[in-house]
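Colleague: If you want the building blocks of each chain, they are given just below.
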Amino acid sequence: MRARLVETDFDIPALLAAVADPACGAQALFLGTVRNRNDGREVLAIDYSAYRSMAENVLARIVTDLESGEPGLRMALEHRLGRITVGGASIAIVAASPRRDAALDAVRRALQRVKTEAPIWKHEIYADGSRSWREQEPLVPTAP
Amino acid sequence: MRARLVETDFDIPALLAAVADPACGAQALFLGTVRNRNDGREVLAIDYSAYRSMAENVLARIVTDLESGEPGLRMALEHRLGRITVGGASIAIVAASPRRDAALDAVRRALQRVKTEAPIWKHEIYADGSRSWREQEPLVPTAP
Amino acid sequence: MKVRLLAFASAVAAIGSAEREWELASDLSVAELRQRLALDYPAIAPLLPRIAIAIDGALVHSSMVVRDGAEVALLPPVSGG
Amino acid sequence: MKVRLLAFASAVAAIGSAEREWELASDLSVAELRQRLALDYPAIAPLLPRIAIAIDGALVHSSMVVRDGAEVALLPPVSGG
Numbered sequence: 714m715r716a717r718l719v720e721t722d723f724d725i726p727a728l729l730a731a732v733a734d735p736a737c738g739a740q741a742l743f744l745g746t747v748r749n750r751n752d753g754r755e756v757l758a759i760d761y762s763a764y765r766s767m768a769e770n771v772l773a774r775i776v777t778d779l780e781s782g783e784p785g786l787r788m789a790l791e792h793r794l795g796r797i798t799v800g801g802a803s804i805a806i807v808a809a810s811p812r813r814d815a816a817l818d819a820v821r822r823a824l825q826r827v828k829t830e831a832p833i834w835k836h837e838i839y840a841d842g843s844r845s846w847r848e849q850e851p852l853v854p855t856a857p
Numbered sequence: 714m715r716a717r718l719v720e721t722d723f724d725i726p727a728l729l730a731a732v733a734d735p736a737c738g739a740q741a742l743f744l745g746t747v748r749n750r751n752d753g754r755e756v757l758a759i760d761y762s763a764y765r766s767m768a769e770n771v772l773a774r775i776v777t778d779l780e781s782g783e784p785g786l787r788m789a790l791e792h793r794l795g796r797i798t799v800g801g802a803s804i805a806i807v808a809a810s811p812r813r814d815a816a817l818d819a820v821r822r823a824l825q826r827v828k829t830e831a832p833i834w835k836h837e838i839y840a841d842g843s844r845s846w847r848e849q850e851p852l853v854p855t856a857p
Numbered sequence: 005m006k007v008r009l010l011a012f013a014s015a016v017a018a019i020g021s022a023e024r025e026w027e028l029a030s031d032l033s034v035a036e037l038r039q040r041l042a043l044d045y046p047a048i049a050p051l052l053p054r055i056a057i058a059i060d061g062a063l064v065h066s067s068m069v070v071r072d073g074a075e076v077a078l079l080p081p082v083s084g085g
Numbered sequence: 005m006k007v008r009l010l011a012f013a014s015a016v017a018a019i020g021s022a023e024r025e026w027e028l029a030s031d032l033s034v035a036e037l038r039q040r041l042a043l044d045y046p047a048i049a050p051l052l053p054r055i056a057i058a059i060d061g062a063l064v065h066s067s068m069v070v071r072d073g074a075e076v077a078l079l080p081p082v083s084g085g
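Protein chains in written order, with the working numbering: chain A, 714 to 857; chain B, 714 to 857; chain C, 5 to 85; chain D, 5 to 85.
Read the hints as simulated data drawn from the structure, not as lab findings. Worth double-checking, as some hints may not be accurate.
[Unchecked claim] To be clear about the criterion: a stretch of chain A counts as covered by chain C if any three or more of its residues have a C-beta under 8 Å from a C-beta of chain C, and this derived list gives those stretches:
no., region
1, 755 to 768
2, 787 to 794
3, 829 to 836
4, 841 to 848
Glycine included, every Cβ here is placed at the ideal spot set by N, Cα and C.
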């Protein structure tokens with residue numbers, strides 16, 4: 714398990730190596746990348762910011778939850794912060810598992826949880842010089 | 714689009730770069746890897762063989778079919794042949810897409826089709842010196 | 005009591021800075037703290053319904069009591085990934 | 005007529021080689037070719053029900069007619085990926 718925030722581009726071979734295991738029959742990777750358009754506007758870059766200490770705990774909990782739910786699953790999750798230009802990657806999620814479907818499932822589920830649980834924000838920078846915060850998923854405390 | 718049989722290990726960063734596009738918000742990768750056990754037996758390696766000309770056509774058709782079904786989807790698919798020892802990768806499928814879910818879906822669907830349509834065979838080599846062909850999915854011609 | 009107030013995303017401009025000390029009456033509930041926020045930082049008021057509050061790094065319900073020295077974070081809807 | 009007979013996986017041992025020339029009466033259907041296979045290469049008979057046949061790289065139905073010079077491939081169930 715490895716979950717962290719980074720400031721530079723991902724080292725994909727190193728991430729895959731970090732989860733590799735001879736008992737695993739599959740590795741899956743998801744990379745979120747910055748698109749050149751969003752909601753009809755031309756995007757140049759995204760500034761990602763986070764409540765760092767909490768975000769790192771949330772990312773670690775997501776990985777731990779998923780790993781404990783699937784025998785032999787091994788995951789790593791990194792989210793990049795700072796300015797990322799079009800084509801650059803903002804999130805890297807990797808999983809290795811004995812069952813092939815489990816690796817793809819784990820990556821998909823981790824992505825969904827990061828989007829709804831991690832205190833991380835996009836600030837989009839447009840070609841016309843304007844910018845805007847993307848505030849999409851309200852955080853909700855778990856039941857008391 | 715790029716689909717081919719290879720004899721050496723995959724260059725993952727090159728595969729991801731081959732599908733990268735500024736209009737895409739996601740990249741997904743699936744790697745099938747050789748496990749150290751199968752059906753309770755200790756595996757040392759797998760020899761992969763293929764009906765090469767037909768297999769290359771089938772891989773290309775899978776990629777073309779999936780790309781034509783999803784706007785902006787870009788895929789690459791490589792299958793390795795020859796001897797692959799435990800931990801090594803036998804298949805690499807990458808996809809980039811504007812929609813994030815589409816990249817993971819495409820990779821999953823390509824894998825399923827390769828397993829059932831491509832004339833490629835595993836010959837497992839066990840620690841006890843024996844070997845066996847794994848013949849799992851009967852090929853079926855499409856309706857006449 | 006004093007708490008450390010952290011703001012993120014659109015809440016930074018509404019509060020005027022990403023981090024500041026904030027003087028409060030002792031032992032406020034989170035619900036009371038939300039009311040004080042709207043009074044002390046009027047620009048945050050329209051955002052508050054969609055802002056979650058974390059105390060010391062954990063999301064909290066409105067009945068939770070805030071203690072002296074707490075780290076209070078204002079978290080607009082998130083967009084990571 | 006002559007066809008080129010290709011065998012893969014477990015069919016190689018049953019046929020005795022991965023590739024050979026094979027003399028056949030002209031214009032056999034694939035169904036007739038299957039019967040000839042079992043006669044000429046008895047070791048393939050038990051495998052035949054699960055073997056697919058491709059002519060010139062395309063899977064074919066049993067009614068298809070095989071022409072002189074065709075490439076006939078014997079394809080056991082596959083296990084790629």
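Colleague: Give a verdict on every hint.
Modeller: Hints, verified against the model:
no.	hint	verdict
1	755 to 768	holds (count 7)
2	787 to 794	violated (count 1)
3	829 to 836	holds (count 8)
4	841 to 848	holds (count 3)
In this structure, the one hint that does not hold is number 2.
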